[in-house]
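Number of protein chains: 2
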Amino acid sequence: MGALEEGRFDPEVSDITVGEGAGGPAIGTMENAVRVLLMGLGEDSEREGLRKTPIRVAKAFREGTRGYRQKVEDIVQGAFFPEAGLDNGIGQAGGAGGMVVVRDINLFSYCESCLLPFSIKCHLGYVPSGQRVVGLSKLSRVADVFAKRLQEPQRLADEICQALQNSIRPAGVSVALQCWHIQFPEVLKCNMNLPRHPSRSSMQGWVHTSVCSSTGVFEQKKSSFSDDFHTLLQFSGANFGLSNAACSIHSWCPSRSLDVPESNGHMVRNNLLNGRIFSRPVVSHSSMVAAVASIILSLGEDPSRKELVGTPYRYVHWLMNFSRSNIDIRQNGFILNTINLHESSNGYIHRENEINSELNIPFCAQCEHHLLPFHGVVHIGYFHDEEKKDIDRSSLQAMVHFYGCKLQVQERLTRQIAEAVYSVLGRGVMVVVEANHICMISRGIEKVGSSTATIAVMGQFSTDITAKALFLEAISKVTAAVGP
Amino acid sequence: MGALEEGRFDPEVSDITVGEGAGGPAIGTMENAVRVLLMGLGEDSEREGLRKTPIRVAKAFREGTRGYRQKVEDIVQGAFFPEAGLDNGIGQAGGAGGMVVVRDINLFSYCESCLLPFSIKCHLGYVPSGQRVVGLSKLSRVADVFAKRLQEPQRLADEICQALQNSIRPAGVSVALQCWHIQFPEVLKCNMNLPRHPSRSSMQGWVHTSVCSSTGVFEQKKSSFSDDFHTLLQFSGANFGLSNAACSIHSWCPSRSLDVPESNGHMVRNNLLNGRIFSRPVVSHSSMVAAVASIILSLGEDPSRKELVGTPYRYVHWLMNFSRSNIDIRQNGFILNTINLHESSNGYIHRENEINSELNIPFCAQCEHHLLPFHGVVHIGYFHDEEKKDIDRSSLQAMVHFYGCKLQVQERLTRQIAEAVYSVLGRGVMVVVEANHICMISRGIEKVGSSTATIAVMGQFSTDITAKALFLEAISKVTAAVGP
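Line by line, the protein sequences are chains L and A. The numbers in our numbering rise by one with no breaks, and the one at position 121 of the first sequence is 121. The numbers in our numbering rise by one with no breaks, and the one at position 366 of the second sequence is 1366.
Please note: incorrect hints may appear among the correct ones.
What the hints assert, rightly or not - Derived PhoX-like pairs (lysine-lysine); straight-line CA-CA distance at most 25 Å:
{"#": "1", "chain 1": "L", "residue 1": "K71", "chain 2": "L", "residue 2": "K148"}
{"#": "2", "chain 1": "L", "residue 1": "K52", "chain 2": "L", "residue 2": "K148"}
{"#": "3", "chain 1": "L", "residue 1": "K59", "chain 2": "L", "residue 2": "K71"}
{"#": "4", "chain 1": "A", "residue 1": "K1148", "chain 2": "L", "residue 2": "K52"}
{"#": "5", "chain 1": "A", "residue 1": "K1477", "chain 2": "L", "residue 2": "K71"}
{"#": "6", "chain 1": "A", "residue 1": "K1071", "chain 2": "L", "residue 2": "K59"}
{"#": "7", "chain 1": "A", "residue 1": "K1071", "chain 2": "L", "residue 2": "K71"}
{"#": "8", "chain 1": "A", "residue 1": "K1052", "chain 2": "A", "residue 2": "K1071"}
{"#": "9", "chain 1": "L", "residue 1": "K148", "chain 2": "L", "residue 2": "K59"}
Just so you know, these hints were derived from the structure itself, not from any lab. Note that the structure is a prediction, hence the values are computed from the model and not measured.
Using the sequences and the hints given, assemble the complete structure.
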């Protein structure tokens, strides 16, 4: 795996073919691995909705790591343009010393600690030399080559920086990244650090870090290039002042707080080497871990690389939060037996106290089509029952968590929550779910900023247009109050 | 061309091969046409920077109209999932009546009136029926098929709507589009309606229109689906209240105010039919118009289609704003002879009145690599000359317009403005250009929200780090004052 390691760190040699057949990474191997994971989650991988999930996930992993198979030279080649500079005595401009900055490039990468995508706002600067400049769009294309690998923020910044330095040969390069990583369900359960209203495009509730990397004139203490670069970033709202110093490389991924069993890495490696990955009749936790290791290998990476040793374990740990059996047992009983009805106190009360609303209940579900989270808020409106009892917010939160924390689709989640509330308070229920789908914004179409909304109406809400409008208005007031 | 016309309007038959060779649209024909345009602009199409522009533009046109060669069925096929609904008496949810909305999808399309890209925020809603839903990401993929054609907003909305209705067969579909079109230089010269600070991602100064299209339950007066859909859009900040009624389909593109010569369309068509496009020794205006018509034909469109008849004329008219000879003659004299020096009055004065700043001077240039506009603001800082004279803002605006309104690259624009100011006031000049590049955000990488910044420093600014910092701080204050 020495050659592979070299390939990773030398941007000049990035056409890696390890683990690839004619069609790129071994899709079939990855599909099998995903089936193991689905079985480990207690799911029937042949049920509708999951039948094509293995091929979808395999293709998405391949697409999301296409950077291993791209060459920086292919991108910048032919994109150099002669551009006059100035006599050095007079000043710095154009192709000699005239700093060029591209800000706010949205990228996505895969966290090497847990295999979940993370979101990046990338800012690049370079100082041309030799009377030539490079096409502006090439800077972000080069950055994307390294984002489309298993990464962690600082190495990503370093690799982009080195690749631009080596390919453009300018007087210096500076790379500044703002990165956001989704929280793990353990944290999400506390409801403290959840992503906020999805259409506000706020990244509140995400783990955030900022990293920088620079070469040449950006490193010189006497020059002001580095200061100028960061000032230009401030113009567009990015501040790298103190956060850079405060960030610790290995602590950023929330999965890093897990204790990975010492034996885990070796076990995985041995299983792989002996070809015994799928030989066990029962899908055990270690089979799932081995399956993830085989995915990493299929992508052309080395599962025994230091930073990746615990990754299969951590990814499986994440997935198991959405295990079917696990959560069914724990939460079903809770909902049926311990639901609390109480006098209405909080929430918006409308229509002569007939409709009660619980708004902005956060959730994080796992998209069953792509094995990626979708998260957002649930708004629940219901008519009071005759005894003027309400369900308390914590019961509704538990209900949302129960239906959210499994392999799901948003349409079903919306219906199931509505049905569950309706089964307790049967007059009328309306549920609106607003979400961001990581599968929509990080894969393929990369529709950053898009959000989804689904509605279910039951009982009185399904015939009473005014009631619907009143409840939507209640949501509108709260989301408007949050501000843009 | 009958079959072609049908293909355009029937989403079921969209695998158009008219005008295509094995590699898609006739790239070679388009390259030749772009060379004619470059010559018509008074440029040497063989000079560095322009040499590969024809192939770049041809490929971008092909990529930007790939929707002609995509089938909606290929996208939605296999993306249907069974999803239980509710008994209609109880309510609407899931696969039966549970409205699904995807908001804030960023798309780009080509204006059929002038061939410039326009920006779209697309919102889609549908009401599932028959106990099945479609994968959420497919909705935006289908929308993109129709965006990647020569379009105008209302037809785009109608085509997306019909295609979703025909392919998903739901109870109803609603499509709402917010569209933004860049102003033409005639308007830009007034400096009134220019795009603002590029990093604020504001669309102020663009021509805006909103359009809607709907089918099925969204059209029923008695149902509230349409109201609910628009309320959900309001949650994410999109308001379709009155703007929809106010918009007129054919007036939105600013090029529509041009008088297209009556004979123009016929001339183009005859030239095409007789194969005489490139036969003239001199690149006349009509040769340029014919060249653009040949591009439209190569894309698989019919240049004689009613909406496209004047398009070649309008596109050439737009391009000629960036003609080399034209503006050189007019503006060179102006700059050399009539520059106004006056007592300093406005602008930020720093360092004991040594540095004067003129900030946020708007510009719109034409990227010479892609024949697409880049636009933004120029900030100019300079040291007073000994006689305490300043250049007045209108002279600097004229200078920026002179260097901006031609085929350019941002690095050169920055240097040239610096050199021009330095030639008048020789102590020290610093220029910062902030821009959005349509080529970066509308083509290929579609990096929405990204912006560029370039710096040139001359004379005292190139050695005086404090002066640089002071000037950048002055910019910072003004951009901060504009607000996010």
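Checklist entry - Looking at the structure, which of the earlier hints fail to hold? => result Result: hints 4, 5, 7 and 8 break, sorted rising.
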